[in-house]
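K.L.:
One-letter residues, chain by chain:
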Amino acid sequence: MTDLTDLGVAAIRSGVASGEFTAVEVAEAFNANVAAAQDALNAFIVATPEKAIEAAQAVDAMRARGEPLGKMGGVPIGMKDLFATAGVQTTAASHMLEGFVPQYESTVSAKLWEAGAGMLGKLNLDQFAMGSSNETSFFGNVVSPWKRNDGGNAALAPGGSSGGSSAAIAARLCPAATGTDTGGSIRQPAAFTGITGIKPTYGRCSRWGVVAFASSLDQAGPMARDVTDCAIMLEAMAGFDPKDSTSLDLPVPEWEAGLNADLTGKTVGIPREYRMDGMDADVLKSWEDGIAWLKDAGAKIVDISLPHTRYALPAYYIIAPAEASSNLARYDGVRYGLRDLPEGAGLQDMYAATREAGFGAEVKRRILIGTYVLSAGYYDAYYTQAQKVRTLIARDFEAAFEQCDVIVAPTAPSAAFALGENIDDPLSMYLNDVFAVPASLAGLPAMSVPAGLNREGLPLGLQVIGRAFDEQGVLNAGLAIEQRAGFTARPAKWW
Amino acid sequence: MSVDTATVAKIASLARIKLGAAEVEAMVPELNGILAWVEQLGEVDVTGVEPMTAVIPNTLRLRDDVIDADPLTGGGIRDKVLANAPAAEHGFYGVPKVIE
Amino acid sequence: MSDSTYRIQGATGEWEVVIGLEVHAQVTSNSKLFSGAATQFGAEPNAQVSLVDAAMPGMLPVLNKECIRQAVRTGMAIDAQINTWSRFDRKNYFYADLPQGYQISQLYHPLVGEGSLTVDADEKAGIPEAKVIGIERIHVEQDAGKLMHDQHPTMSYVDLNRSGVALMEIVSRPDMRSPAEAGAYVAKLRQILRYVGSCDGNMDQGSMRCDVNVSVRKPGDEFGTRTETKNVNSVRFVMATIEHEASRQVDVLESGGKIVQETRLFDPTTGTTRSMRSKEDAHDYRYFPDPDLLPLVLDGAFLEDCRNSLPELPDAKRARYEGELGLSAYNAAVLTADVETARWFELLLGETATAQGKQPADVAKQAANWLISELFGALNKLGKDLETSPVSPSAGAELLALVGKGTISGSIAKQVLEKMLETGDGAAAIVEREGLKQESDTGAIEAKVDDILAANADKVEQYRGGKEALFGFFVGQTMKAMQGKANPQVVNEILKVKLG
Ligand SMILES: [Mg+2]
Ligand SMILES: [Zn+2]
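Chains V, L and W supply the protein sequences, listed in that same order. Residues in the first sequence are numbered consecutively from 88, following the numbering used here. Residues in the second sequence are numbered consecutively from 146, following the numbering used here. Residues in the third sequence are numbered consecutively from 422, following the numbering used here.
These are calculated hints, taken from the structure and not from any lab test. Glycine included, each C-beta is placed from N, C-alpha and C at the ideal position. Be aware that one or more of the hints could be misleading.
What follows is a list of derived Cβ distance ranges for each label pair [as the list claims (entries may be wrong)]: (1) L/GLU195 x V/PHE327: 22 to 32 Å; (2) V/GLU489 x L/SER158: 47 to 57 Å; (3) L/THR150 x V/GLY507: 43 to 53 Å.
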């Protein structure tokens with residue numbers, strides 16, 4: 088019998104539906120993997136095996152009654168610990184929210200449960216989703232299941248902030264997981280771990296019940312082993328939510344049914360500004376491979392220009408911290424979460440002590456930057472200027488999409504780096520998201536698909552960016568790459 | 146623009162994050178490094194460019210004025226809003242005494 | 422524009438006071454500005470708090486249409502510019518009554534721009550001429566929660582019921598120059614808000630609170646440094662705040678000190694203001710557009726609906742009462758002072774006209790006089806007002822019709838009103854039951870007049886000799902003999918004939 092944990096979303100769903108195996112068997116298999124890997128990978132903050140079983144039993148019972156199963160019927164998933172889950176601790180990987188048990192369910196997670204998915208547990212992440220390596224989690228960093236082929240044993244970063252999600256999928260602890268992407272937090276970890284992830288158009292997935300980092304950028308999306316699984320799961324997650332003012336009031340397209348890897352008649356743009364000096368040769372090579380595959384799929388390739396690319400990252404590092412400094416003001420020790428009340432402290436002392444004790448170093452750094460750029464006298468020079476540059480970046484994409492249907496570029500400038508390698512240098516850490524951030528600033532759908540391995544045997548990802556609302560175009564180009572890349576590599580099990 | 150220890154201390158106080166003198170000291174070069182880097186934005190000619198207001202062009206939806214139309218955004222759930230409170234008494238949140 | 426001559430006499434000469442007001446008016450709505458929780462006054466602590474109002478992680482604001490409609494209607498009522506493109510900003514600061522750590526407000530692009538209102542002349546109050554007070558803007562924002570300091574020895578208690586309730590902040594220009602003008606401005610604004618229905622104006626329930634900005638200067642000088650006294654909640658206290666704050670500032674300046682721009686608190690028990698410790702913090706609110714909300718764009722149909730639903734406003738109504746209805750300036754002012762009084766009067770007027778088959782203008786004086794000089798006084802004695810009046814407008818109209826048709830006299834009407842208030846019965850029934858119908862039968866009256874003239878032959882002599890003031894005596898005697906039920910007009914006519 089096949090190992091059920093080798094199956095993806097589509098395969099599990101059809102196996103459960105056809106009665107080849109039960110949803111409970113699937114949940115039990117993944118529960119076992121989760122438990123066995125926890126000490127080594129630290130991918131979960133809390134495991135919820137009973138939740139997974141409970142949901143699986145419900146699906147099996149529905150099947151027994153002959154009822155139709157949902158889009159995710161019988162598929163157990165991991166939930167990034169940024170989504171509020173009713174009755175289950177939700178921490179954003181911060182000491183600030185340790186022990187916080189929401190009395191509500193995020194819209195996205197509720198939709199997934201409604202679609203028949205079950206929860207294996209809450210996945211680790213960078214604290215408040217701030218980070219690109221998962222090293223800022225209060226609950227310890229996630230370790231990537233991948234190792235370099237150099238015989239060394241360096242522990243590698245799974246990427247971030249959705250690093251628990253990426254590591255868990257790559258290590259077969261779950262077939263799919265939720266991620267959130269503010270400046271690359273789905274795509275970069277997907278690229279680092281050889282999996283697939285898509286950030287839809289801003290507003291496709293409700294932000295209600297998702298712990299906010301930077302509201303104008305945050306977008307939830309699926310992470311899974313392949314493009315089809317992402318399409319299935321995105322359909323289950325997306326949809327209009329009247330509780331989120333920025334939610335798109337549009338019907339959810341049938342992305343899974345619309346999948347088509349034939350790109351005849353489509354034009355793929357290759358942005359020249361993404362070809363940077365001193366770029367990693369393997370990354371460059373995978374990009375060339377990707378271009379060849381897309382040609383092979385029938386697409387016309389054109390050179391395009393996104394002139395303001397180099398300003399995207401600095402603009403992002405003004406806008407995101409500014410929004411974060413305000414979004415995180417609610418963590419004050421009054422209504423929930425940590426309270427640090429030193430002897431004799433007044434209210435304002437309590438705030439300062441609580442926030443000192445509750446937030447990690449990177450969170451504090453970003454709150455301070457955000458506070459500074461918004462403060463009196465600096466607002467226009469920093470924040471207004473950044474939002475103007477953001478307008479120019481969005482216009483770059485608009486102009487480019489007059490010449491092409493999708494844009495293809497590397498997801499990240501390098502393969503996974505070792506844990507600890509960048510932690511003392513915030514700037515070099517930020518540069519990891521140089522290719523991911525422009526699409527975030529413009530709110531565009533973008534995905535990462537595995538393209539191959541580098542010379543160290545580590546996965547590299549290719550990024551597909553589409554027009555607003557054109558997730559289908561992105562998924563289709565991703566599928567064309569996936570079919571030709573034939574990426575089957577997986578980390579050797581060492582945990 | 147660059148920050149000094151006094152500015153960092155002021156920002157930390159505005160942000161209500163208690164920082165010791167050594168932490169403030171350590172934060173100064175870090176913030177200056179980041180600020181110097183983001184300041185390259187000043188090179189961009191933004192003449193006539195409006196700051197972005199909505200990333201996907203869209204305007205605000207207005208909801209009808211109905212009480213508790215959706216239990217998830219309605220009131221009457223005192224137990225739920227107090228459930229995670231570090232200090233709650235007689236239906237109130239408790240904080241250290243404030244003198245106005 | 423005429424400035425009042427209100428001056429503070431200092432040791433170094435006269436000082437002028439400059440006043441600007443920020444009025445926070447609670448928008449009348451069922452639910453909160455950005456959540457579905459109720460807004461009703463007086464609920465149990467934290468009973469009207471949603472997950473959104475408590476700023477739980479991941480909660481998001483969704484704007485209440487009614488709050489925007491009411492703010493736009495208010496803007497229209499003060500002839501203000503309505504901005505069809507506006508947006509919400511976050512004002513960031515930490516306080517226990519502010520769960521998000523920021524207040525959603527509007528700084529950069531408020532919903533309502535420049536407008537004005539006119540404060541009426543009031544010689545007695547020290548406002549020699551009507552004065553236009555500029556209104557800079559109205560923006561919409563969230564209210565904060567409430568802190569209770571006296572329930573526990575070491576803790577303050579937080580109630581978030583008010584947190585997220587919609588407020589309009591109505592910001593005046595620094596156009597006022599005396600406590601009287603400021604008081605009149607607040608009263609006028611309250612009157613307009615109540616007419617529009619956008620705020621109930623209940624100042625004792627906190628539905629209207631004023632931030633009072635005061636500075637002083639030597640007449641003709643530049644504006645001085647101002648202080649802001651927060652949350653003053655009655656017209657009287659606004660005036661007291663200004664008086665105290667102005668003279669305090671004069672004292673400080675004359676003794677060589679400087680005014681610090683600061684936030685102060687008014688203490689009603691002492692009538693003084695003091696610096697607010699909790700707001701000592703440097704004011705750096707780090708305003709920026711709320712990324713959870715999109716630009717608010719209003720279309721023509723929405724504005725049209727707002728405009729069409731505006732009632733007749735107090736100034737227009739008063740002018741109409743004087744012009745079309747022929748009421749005195751005083752009566753018109755009294756009847757339009759409050760929207761409820763005007764509403765009651767108009768119901769009475771309509772019913773009275775119908776009952777007597779006349780045009781409203783023909784019975785307006787009768788109705789106005791009766792309401793102001795009879796009903797108000799009678800209700801006052803009972804400790805009641807129009808809202809709790811046992812006599813309805815239609816019952817009043819029935820009474821007035823009896824007078825208008827000559828069925829009872831004015832003095833009998835007073836008795837009937839008393840009975841109506843006592844019993845709740847209708848005027849006609851009371852008149853019938855108590856036999857109060859007016860006698861218009863000339864024969865019966867003539868017989869009584871003859872008796873009286875015969876019994877007072879001496880006075881008849883004097884009257885005919887030129888002492889015409891005695892006419893009233895004969896009328897009185899006749900009325901008395903008729904037990905007040907004689908039609909006074911008929912009595913007059915008969916007496917005139919008989920006395921020659
Ligand atoms: Mg104010
Ligand atoms: Zn205000």
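K.L.:
Are any of the numbered hints broken by this structure? If so, which, sorted upward?
P.N.:
3
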